[in-house]
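Colleague: Here the structure of chain A is known, so what remains is to put chains B, C and D in place on it, guided by the hints.
Same order as they appear, the protein sequences are chains A, B, C and D. When we follow the numbering used here, the leftmost residue of the first sequence carries the number 50, and every step to the right adds one. When we follow the numbering used here, the leftmost residue of the second sequence carries the number 271, and every step to the right adds one. When we follow the numbering used here, the leftmost residue of the third sequence carries the number 2, and every step to the right adds one. When we follow the numbering used here, the leftmost residue of the fourth sequence carries the number 86, and every step to the right adds one.
Source of the hints: derived by calculation from the structure; they are not laboratory data. Errors might be hidden in some of the hints.
[Said to hold, decoys possible] Selected chain C positions facing chain A (in silico; Cβ < 7 Å):
1. Asn53
2. Phe72
3. Pro145
4. Leu147
5. Asn149
6. Gly227
7. Pro233
8. Gly246
9. Asp250
10. Tyr253
These numbers come from a predicted model, not from an experiment. The beta-carbon is built from N, C-alpha and C at its ideal position, and this holds for glycine as well.
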Amino acid sequence: MKTLLVIAVFAMLFGLSGVTPALAKGDTLTVGISLGIKSLDPHTTTQAFVHTVLAHINETLVGIEGDSVVPLLAESWELLDDKRSYRFTLKQGVKFHNGEVMTADDVVFSFKRASGQGAAIKAWSSYLSDVEKVDDRTVILRTARPLSDAFLGSLGHPWASILNKKAVISTGQDYGTAPVGTGKFRLRRLVTGDRVELERFDDYHADKAKVKNLTFRTFLEATSRTIELESGSVDVVVDVPPVDISRIKENPDLEIVAVPSWRNYHIGLNLKKAPYDNIKVRQAINLAVNRPGIVKVVFRGYAEPARGPVPSIVAYSDYKNSPDLPYDPEKAKKLLAEAGFPNGFKSGFIVPERSDFQNIATILQSNLRDVGIDLKINIVDYGNFADVARQPDHDPFVNNWGNPPTSNPFFAIDPLIHSKFIGQTNRFFYSNPKVDALLEKGVAVTDKAEKTAIYKEVWDILNVDLPMIPLLAPSNIFGKTKSLKGVTFSSSLITYYGNGYFE
Amino acid sequence: MVRFCLRRLLTLIPVTLGVTFLLFSLLYMTPGDPALLVLGPEATEDALREFRREHGLDQPFLVRYGRFVYNAVVHQDVGRSYITHRTVASEIADAFPVTLTLSIGAIFFATLMGMIFGIICAVKQYSIFDNVAMVFAMLGIATPVFYLGILLILLFSVHLHWLPSSGFDTPAQRILPWIALSSVSLSIITRMTRSSMLEVIRSDYIRTARAKGQKETVIIVKHALRNALIPIITIIGIQFGHLLGGSILAESVFSIPGVGRLAVDAIKSRDYPVVQGAVIYLALAYVLINLLVDILYTWIDPRLRTRYR
Amino acid sequence: MIFPRKNSNLYLTLLRLKRNRLAVFGLAVLVMLLLTAIFAPRIAPYHYATQNLADAFEAPSGKHYLGTDDFGRDIFSRIIYGARVSTQVGLFAVSLAMISGGLLGASAAYYGGRIDGIIMRCMDIFMSIPQILLAIAIAASLGPGLLNLTIAVGVAALPDFARVVRGSVLTISGQEYIEAARCMGASDAWIILRHILPNCSAPIIVQSTLRVGQAILATAALSFLGLGVQPPYPEWGGMLAASRGYVRDYAYMTIAPGLAIMITIMALNFLGDGLRDAMDPKLKR
Amino acid sequence: MDQQQRENFLEIRDLYVQYHTDTGLVKAVDGLNLSLAGGETLGLVGETGAGKTTTALAVMQLIASPPGRIAGGSIFLQGENLLKKSKEEQRHIRGGKIAMIFQDPMTSLNPVLPVQEQIAEMIRLHRKADADEVLKKARDMLSLVGIRPERGSEYPHQFSGGMKQRVVIAIALACNPTLLIADEPTTALDVTIQAQVLELMRELRQHFNTSTILISHDLGVVAELCDSVAIMYAGRIVEKADTKNLFRRPLHPYTQGLFRSVPDLTGNVRRLDTIAGLPPDPTNLPPGCCFASRCNIAEPDCSRSRPSMIEGETGHFAACFKLGKRGGV
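Looking at chain A on its own, in the form it has when it is part of the complex (with noise of 0.2 Å):
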């Protein structure tokens, strides 16, 4: 009896939950990511590891590589006379995880869905103004002003992927642990916080999967992630800390693939706020700021120090071989003196709770220290950081500016600076009509030479301006395994691994 009762209390505990079959090496990818997944709805969230998962899962009308933007569900497409149409062009044929052929009405629903009541990626769904289905398989998306590039690309990110009407509606609000999309991989499991394993779907409209089962597991010490990676239990680990760089490239299985990317770490002053509406004092600390050593303690050089406003991979910011922002703490000192602080001045300085952003915190007031600049470093927790930046008193904070869909500007600069989203995400009160207008204009420009000029401005009365102190703009840093192959590791956080396999 009581050896039973033992026995029992073992089978309990070791087998609680299933245990997963073993899969057999070479059939499965194993990525190693740093976030816990619960849902799979692409419209409810902006985490980047969520829609990652789902880039694999669902399909856009177009898909981005490199630089360009390439057909995926809708074979081709037209921008219209009136510059803010996009005609597409839908690929016939597709069919969805559960059997369903896609339509024009599953674009349409899915669209409408992204940009209805609830959605959490109205930031990016918002710009389009209306979705029309001409025939069922010609769709055309309208966007309220002409934004030329900027929104085609935009709908490469995951967010504008194309959902069975069908099933979003059987399931309806539980729709996140039963996604069904046109991928090249459907979901089998999704153990919430803990793994998602999707399977190959054999009824892909292109060329199938070579791996048969793609997995994403958690793991939320970036050494765990890395001990994994060296065990061979997962292929790719995201985020490998700088530490484990050269342990990792030591391994003789195993490489670091580091992509730089567009993630834009600024200090954000409030220029409602004295003495930072001093354009002397923001010069100031532009100067006292000692990028490259950033770069080299929080990142151990797996960085880009900042040479203009956003990071040299924007595109249109074509300032990549300028030379680094000078760092000079004296002249830094003179201007503060002219400024009318020739002692310095006290301040508080908001860091939101994460370790990069109080590491990069510690030596920013160390380095302001120098130049006389007191900073009383105020941690605010992350769930309460764009709460406390909104308000119009808020003291200088260091973040970083890192998930947009696409590397346009109109993504990439506009929500910080545009004075229309003051009191939003332009959190240093800066309205500048001019810049307003370059923005508008850039935007809807098609003619890339022109559209080049134009931005070329913006960036110019930014550096002098510096409502913001750009810092620098991390790598994306990837350990994997060398017979990983046909991985393009991409610069946005999301990554798409379905053609990966193994040599």
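Modeller: For chains B, C and D alone, coordinates are given in the frame of chain A:
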């Protein structure tokens, strides 16, 4: 006995109400706007307002609380996550068994080993085993769980390659979290068993049993242990309660998707319904454990039986 | 701390304590810790926030006794300043819990009846939320920071004190000399202050000593979960949490704060156990 | 049982028992000699701390080690040295041949086991019988000590003090031991209950004809129940005689003091004498007569060496130098 249990189960009602009220107040005071967090900083004022209205966040405190209680009692519905839109019940259903397995495993391990060590220490008081075990027990109490977890990973995953460093799916994955989580309880149970056994071993009825010519092992198990068990069970109950909460740390170190992490993530992302749900379940589990402990008392100690009849 | 009023009692307690080598060791460590905390600026060779990026990740040496961290800060100095944080959080959190919990528990026991019922049901509710989760919720609602952290840890520990004090007050108020005092017409306040509190100080002191350790551990746990002290202010738990990513390459970074925490907790436990044995030999474990 | 065996039923020779404590080596029993004839009831009398219980525990082989240790001597039961037996053999003798009734019935019973189980355990250990027989025997024992057998399934806390002591007696006698040691069996009981329990013991002793050592500091109880009496002081026997002789004419000054400190029941009002001073510190026993410092007839010589037992009258022994010198005190 049945009536006793029923009466105790009835106390769940005020406790649950109190816990939710306490949490509601705490969350109400917590800065940070859920709407802003869910919809993102880009969200327009209209969108935020709509979100707050939809989730009743624009209502006064008492209305919100009243509505929550009404829905929970009348519709057995504690709401949906702001973020995933899944029902809180289903999120808990995913996470709670994991935490339960984690903490039951840990308390089981701590109890088994703690009692064995404690008994040996008591029987061989002042022996080398006793001294070494007591030093380790002290270390166990003094080591932060997350630090021990990191050290275990370092030893067993990195250097020895014996066990995986994270997850909770396979038996191998469960061993390190169990050990890390149980260390404090193991130490406390060992110390408690030792002292309780020492006290009992010196008592007259143990001498009576010896005077009968009973075997020493039988004396320890049949006579001493059962009498020493009351304070040990109390400690185990308390420890189990601590483990349910403390599992958060093991869940973080080993990336285990349990209810503690669910609650902490939800607090950080202001996902109020999920915080409520997670904490209510943990509190219920705590109350039930206490009930179980009380029932165990009466099973072990006949003197208490009459009291609960 | 409240000591028993009778000198003989105190003397006997100290005498018994002196015989317990571990307790004396614990006491010595704690006195050293306290001195370190008070004189931190004089002892520490560097300021806790002084960065020297060129010297980052230096192994322990004559220049930096415990090496430097990822910012090139001297770990030895940070450990010394960290003693301040730990003693502050530990002492203040426990004082908060002891005073408010003690008052609640004492009134519950003394007045009994409905007041007892209400207070203790409230404590039950507090206790049914796992302490660490309660501390997290409180810390989140107050925002990060040393003071808020202290409050969170203190409030989470409050019900335990209420229970302990209530228990011992109940035992004591049932005894004859309290009845006698009451018969003599002593006021409630007089009885509580003069008779009850001094006599239940033993379990309170023991509980407090052990609780300081738990408060330090809870602080470390909260730091680990990202609700800790503001950088660059050094807190051992926070240092441990921040250095965990470097544990494979620069193990010394975690060893120093880890050992600091462990030694402090052990000292507190040795002293707590010793005090318990000394104050009430019957309770000898 | 032949004469030889009857005479030397139990023979304790030069028994030394010591305890290691924080304050030093406690010599609880220090060179004790004692013998008991078969069927005899011996009263062992002395102050608290004289070593009575330790002697009993030594016979039972129940000296807790550590801190205790039998440092020397031998204990013969029916000619066999108990101290030379293996642990296993000792275990079979305990309970089977020698049984003990402890001082405090309140704490001597295991609170978590039904009383019949506690009796049955004894039977199971020393008799071969199946479960039903064991249970029946246990219940028989209960009715023998005057408890309704139905109450056997109850727990100790449901019994009163006197009833508990009856259960303890039932346990002790369950296997019909040849030697019974009763350590102050009535001290913890009310006076009226004491009488009942003593009466019970008297009946049972006759019923089983068991040799008995009755430890007591109550001279009245001893006078009532015992055939002979041994007086113990500081770990040694200082006087031994049959009850009548000893009460009629105590020889040792300690015994005499003991009698003077008991109220005279004849009604003569006189002040009770107490023995001045305290018993010697057991960690530091004097080299000579341990009673010398309190003895009103002591001479300097008394403190030089230990007095040995001297037969003052036939069958009446006492350890006093004065007795030897003058043939009586």
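Colleague: When the hints from earlier in the document are held up against this structure, which numbers fail?
Modeller: 1, 4, 5 and 10
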